[in-house]
Each structure stands twice: as C-alpha cells, then as structure tokens.
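Asks: Since the structure of chain A is already known, use the hints to place chain B on it.
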Amino acid sequence: MYRTRSLYTTAGFTVNQHLFWEMLTDDQAEAIVSRTLELLERTGIDILSEDAAKTLKEAGCHVDGNRVRIPTAKSEWALRCAPSRVTLCDRNGNRAMLLENNEAHWGPGYTAKEFMEQEQNMDTNNNKIRPFTIADVEMYGKLCDTLPNISFAMPGGFPTDVDEANAEVEVFKTLVKATRKPIVQNVKNVDQAKKIIEMAAAIAGSPEKLAIDPFVALHVVVNEPLQISAEAADVVAFAAGHGLPIIVSNELVSGFTAPAESAGVLMVALANSIATLLIAQLACEGASFITGGFFTNNDTVNELHPYGSPEISLLGGGYANVLRTLRIPSFGFAGGTDAKCSDAQMGLEVALSTLCSGISGTNVIHGAGNFESGCVSNPTVLVLADEIACETKRIMRGVEMDEDRLARGVIEEVKPAGNYLATKHTRYYFRSEQFWPTLMNRKRIDDWAAEGSLTLGERTVNKMNDLLVNYEETPLPEGVDLDKIAG
Amino acid sequence: MATIEDLAQAVFDGSTSKAKKLSQELIDDGMAPLDVINQGLIAGMSEVGAQFKAGTMFVPDMMAAAEAMTAGTEVVKPLLAADDMQSLGTVFICTVKGDLHDIGKNLVVMMLESAGFNVINAGVDVSPEDIVAGVKEHHPDIIGMSALLTTTMLHMKDTIELLKEEGLRDQVKVIIGGAPVSQDFADEISADGYSPDAVSAADLAKSLVGAA
Numbered sequence: 001m002y003r004t005r006s007l008y009t010t011a012g013f014t015v016n017q018h019l020f021w022e023m024l025t026d027d028q029a030e031a032i033v034s035r036t037l038e039l040l041e042r043t044g045i046d047i048l049s050e051d052a053a054k055t056l057k058e059a060g061c062h063v064d065g066n067r068v069r070i071p072t073a074k075s076e077w078a079l080r081c082a083p084s085r086v087t088l089c090d091r092n093g094n095r096a097m098l099l100e101n102n103e104a105h106w107g108p109g110y111t112a113k114e115f116m117e118q119e120q121n122m123d124t125n126n127n128k129i130r131p132f133t134i135a136d137v138e139m140y141g142k143l144c145d146t147l148p149n150i151s152f153a154m155p156g157g158f159p160t161d162v163d164e165a166n167a168e169v170e171v172f173k174t175l176v177k178a179t180r181k182p183i184v185q186n187v188k189n190v191d192q193a194k195k196i197i198e199m200a201a202a203i204a205g206s207p208e209k210l211a212i213d214p215f216v217a218l219h220v221v222v223n224e225p226l227q228i229s230a231e232a233a234d235v236v237a238f239a240a241g242h243g244l245p246i247i248v249s250n251e252l253v254s255g256f257t258a259p260a261e262s263a264g265v266l267m268v269a270l271a272n273s274i275a276t277l278l279i280a281q282l283a284c285e286g287a288s289f290i291t292g293g294f295f296t297n298n299d300t301v302n303e304l305h306p307y308g309s310p311e312i313s314l315l316g317g318g319y320a321n322v323l324r325t326l327r328i329p330s331f332g333f334a335g336g337t338d339a340k341c342s343d344a345q346m347g348l349e350v351a352l353s354t355l356c357s358g359i360s361g362t363n364v365i366h367g368a369g370n371f372e373s374g375c376v377s378n379p380t381v382l383v384l385a386d387e388i389a390c391e392t393k394r395i396m397r398g399v400e401m402d403e404d405r406l407a408r409g410v411i412e413e414v415k416p417a418g419n420y421l422a423t424k425h426t427r428y429y430f431r432s433e434q435f436w437p438t439l440m441n442r443k444r445i446d447d448w449a450a451e452g453s454l455t456l457g458e459r460t461v462n463k464m465n466d467l468l469v470n471y472e473e474t475p476l477p478e479g480v481d482l483d484k485i486a487g
Numbered sequence: 488m489a490t491i492e493d494l495a496q497a498v499f500d501g502s503t504s505k506a507k508k509l510s511q512e513l514i515d516d517g518m519a520p521l522d523v524i525n526q527g528l529i530a531g532m533s534e535v536g537a538q539f540k541a542g543t544m545f546v547p548d549m550m551a552a553a554e555a556m557t558a559g560t561e562v563v564k565p566l567l568a569a570d571d572m573q574s575l576g577t578v579f580i581c582t583v584k585g586d587l588h589d590i591g592k593n594l595v596v597m598m599l600e601s602a603g604f605n606v607i608n609a610g611v612d613v614s615p616e617d618i619v620a621g622v623k624e625h626h627p628d629i630i631g632m633s634a635l636l637t638t639t640m641l642h643m644k645d646t647i648e649l650l651k652e653e654g655l656r657d658q659v660k661v662i663i664g665g666a667p668v669s670q671d672f673a674d675e676i677s678a679d680g681y682s683p684d685a686v687s688a689a690d691l692a693k694s695l696v697g698a699a
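Taken in order, these protein sequences are the chains called A and B.
Going by the numbering used here, the first residue of the first sequence is number 1, and it counts up by one from there.
Going by the numbering used here, the first residue of the second sequence is number 488, and it counts up by one from there.
Excised from the complex, chain A in its bound form (with noise of 0.2 Å):
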C-alpha cells in the first residue's frame, strides 16, 4: 500500500505539514481495493461503447456482448500506468490547481435547471424560482473568476435556453470568456468534446501548448452501478488520446443505484472508476485521471435524492481516501443544501460539507449553489462557501511549528501578566495566523444594528453583488473566434 504524505519529516522532527481526515485506515482501503477488483473478474462491468469493449478485449479483458471482466491484472496496470498528480492551468498557462496529496479546491455546481432569483432579502422563501439561463452561466463564471477560495469553474446549472445537443458547449464557450481559472467541463459525448478541445486549443495557442497547461478537464458523469454509457466511455479515450485531462464522476445513490450500506457504494464506484481508468491508459498510457463522484442516499420519507446530508461527506470522504491510498486524484462534492432559503439549516449543511470535504483531502470538490436535490441553483451559496473554503483552509494549515512559531523570545520579553499587542512579534504573525472574515460578522450588537441588523443572507447579497458589479473581463487572445468552432 502506498503512503502519501501525511507524514512531513524534517531532521528527525515529525510534524503534521497539513492537518487531515483519514476516514479510512490502511487495512480498510486495501479490502475496498482487493475486493473491487475481485468485483471487477468476476461480476464484471458493462461497457455500452463497441469500440471501448473492442480495445478492451483486444488488451486481454473477457468480453462477452457489453459485459467485460477484467483481470486484476490489467486493473492494476492501469493503476500503475495513471499519474499520481494532475496540474490543471488557468487560462494564461499558470499552474492553478495541483491535485495531488490532499490539496483541496472547491468550486460550483451543473445540474440545476432552475435558479434561484435573488431578492434583497433571502431569508425568507419569496425567492422566485425560474429557468437557468446562459445569463446565470456567465455570472456563476464571473463570480468563480473574482472568489479568491474558489478554485475552478462550473456552470452552476444547465441552460435551458440554449440548443440541448450544444447546450455543453455553449456553456464551454461562455465560461471561459468569463474568467481564467480553470474550467471543469461537463460534457455528454464526442462531439462536444471535440468542439470544446477545439475552442480550448485555440485559446491556448495550438493542442500541444493546451496538452503542457491544460486550462479545462473534461468531465463525464457515470451514474449507475457496474455500467458505463457508450457516450462517457468514447469520451474517456478521446480526451485521453488528445491528452486533457479526464475527471469520471460516480453519481450514485445508496441503497438505490449502489448497495445500502458505505463500503458497498465505495467498491460498486471504483469498479466504475477502475473500468475507465482502463479505458482512458488504453487510448493513451499515462493519460490524466481524476475520479471520484456524489454520493448521496435515498431519502424514503421524502422519496428524493438529499443534497446536504452527512452521507454525503462520509462517503466522499471515504472515497477520496480510497483514491489517495491508490494515488489517483480526486473529485468531490461539498457545498449543497436542502435548505429553501438562507437559514440556518443552509449554513449548516453547506459549513459541515464543506469542512469534511477539505479535510479528508478531495482534491476538486464541485457543487456549491445547489438546492433541491440538484435541480435549483443559487450562486449566493458559492459566495458563502468561498468563505467557509476560507475557514477550511485555515483549519487545514494547522498548527505551523518552528523556533520562531514557538514564540520562545517573545513570551520572555512579555513577562508573566504581560500584554502580547504591543510586541513585534504579535505585528509580524497576526495578519498570517488568523482567518479575516468577509462575511462572518463579528460587530458589537450595537454597531451591528446601526449598520441596518443586515443577516449573513442580507451580506452574502450584497457582497456578490459588489464583486459582479466591479467584475472586470480579462479578453481571450486576439483572433480566437470560439463561436466559429461552437457552431
């Protein structure tokens, strides 16, 4: 089993470099481990794509029609051959994001049809729901690019007023006018990978310039158990073959799409993770592989999918531990509610998914924004998790230790009694050491109710509306005409 680093030694002094969750000891992810590819010899996988079932078996797997089983053998070839980090870029070519270790970077959602439109107040449940629109796509892109914690871009939800075939890339295509962080794009089959790879390498001046940084990771969704569609298995090998980065979301259902029970859902999610892995090495050996998933549970009382329950962070948490033991980057899910307004149960569940995403070490964690089991979007969500990522972060830097860090001079200078405010000591550390809250409030009740009594939902209005209004564009580089290539 291999060890990432959780362990940090520096001249026989081990530390904590970064506090995390290992929700999963060494012993337990192997069992996950073992018995999936046990899972994946014997039950086997369908595969629905001819051509990925045709390389598969050429490569050694038994297939018989769509149901392929897979050597262990071939499964761990695969394992070996994916690397152990991904480095996405942003627009500019900058490295952006290092999924690697248990970096952790949240970002939105793409799901929801409708949107939340906000009133001044959200606190109260007069919010109107009406369709998502490209309008909603461009602001959710506005606001990943000005949100210092948010690390990458998604839609927020998918429009409705745009051509569905197209609809991706048409998203694609809005996005990434919108801001230079990188873009984790859904996409639903080759055709719009091709166009978006196209749009992609234009920006970034030619494909293998897009291939060295690449700005964008194709993201396809696999949502029932021991089954992979032919549109996610063809663009697996393609965007492995053209060298982009792959992210295979599971979006499975405990005790529905997945067994009942957490151990279960985890190995029926890296048999399908496994399974693609396979493909996307087989079209490219080396290619880019981020995988993880949502997973939720079925919520019988209400008969829906929940987006803010605690199983949600347990088994993402558990996944991306299996992932790290396996050195496979990770995807997540952090930031939904099933809240219906801005209250407390919204703060909660979106603060708790939060935290435990970052902590257990997800490295891309998507969802911020989404009610209703997915289907509603609010982007003022996306700001609040911009600043609980804050706090995240915070917390996961941990108790930093050196000579200086263990304060020996100044606590002899202060003296016993003595007040640490006037010290040099307290002006070089106090900016560093301590999260600076935007929206948080910490005012005296007084000051707090002369400035209006404004609630956490009444400051998360305005605050995103001050960064939309003072948004500027960064334009894409001259002569690049994406609607030429979205069509």
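Straight-line distance between alpha carbons at most 25 Å, and here's what the computed DSS-like set of lysine-lysine pairs gives:
1. B:K540 / A:K463
2. B:K505 / B:K564
3. B:K564 / B:K508
4. B:K540 / A:K443
5. A:K424 / B:K507
6. B:K508 / A:K424
7. B:K540 / B:K693
8. A:K424 / B:K540
9. A:K424 / B:K505
Keep in mind that the hints were calculated from the coordinates and are not lab data.
Replies: Positioned in the frame of chain A, the structure of chain B alone reads:
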C-alpha cells in the same frame, strides 16, 4: 535623495529606523522642521488613521506606525521654536485609578498629537484627586480617561463628580474610552463624549474644540 513622501511611507509602514533616518536626512537637506513633521510624519500617521477607519489596518499596524512617528519626532522636535506648533488645544489624558492598561490610551495620545493637540500624558493608575490637580495645573480643554476593567471604569464617574464639586466641570470637556465603556455609559455619567478607537477619539476631540 530622500523625499517627504518617503518619510510618510516609512511611518505608514511602521519602519522605525527608516523614519528616524529619513527625518534626519530631510533636516540635513534643509527642510523646515515643521514641514518634516506635518507633511511627513503626521501625513503618514493620518493615512494609517484613514486605513484603520476603513478596516484595512489594525491596532498592531497603528502601534508600529506610532512608534515610527515618535522616532522621527524625537529627531525633529529639539529643532522647533517654542511657538512653531499651532495647537488645537490641550488634552490631559490618563488611565484611571487601579488600572494599569495603557496600550490603547497611548495610541490615543499619538493620534491626538498627530492631530495637532498638546497632550499631557499623566500615565496609569491616576486617582480622581490627581486628575483634578492636573486640571488646576494645566488648564486643559479636554480630559481623556481610559479603563480596561469594569471595576475601574467607575472611577470615571467619581472623577466627574469631583470636578463638579470643585466647580471645574464647566471649564473642561470629558471624554472616555476603553473596552468595557460605551456611549450609554458615557451618557449615564454625563461625559461629553465616548469613542471606540484611537482614530475616532482624535476626531471627537477635534469636534469638541470646534476644529473638526
């Protein structure tokens, strides 16, 4: 060559050694001592005050800037003629009886001085009787009292009572500050003003002498 802007920046950055060095250089270059103070040291401190008000600089930054300003002032002050500094008025300031906390009070002193007040800093643990004696001696326009403890803040009330008894209350304005103190408390003990931080304390003092 050093410029007056460099000096203001040194104060703003809280760089004591630089503020000292630049003040000396500017004097050596022939700049008038008063200009060094007003356009350099005080200008830098005023910018710190503005940023403090805006919430982008904080108490430790302000203390560093105050220290740098003091270092510069020490270089220049001996060169000033007695009537060079136009004063907005005199402030008698102290931490009240039983209280030894003076970090905030000293910041207020710095801000008052840079605003153009003549400040008598009477230190810590000053009894109502000593304050009254100080008023008789220095005839200040304003008395500033500071307390960090809920137990010692009551001496502010005692002081105001004693000022009344001595018939001095009408001759002087009284302002108060410190963590446990509030506008409500100021109203309760009939003080003339309260301010929550050093920058607004200077503004308050200015408005009380009609200079704001």
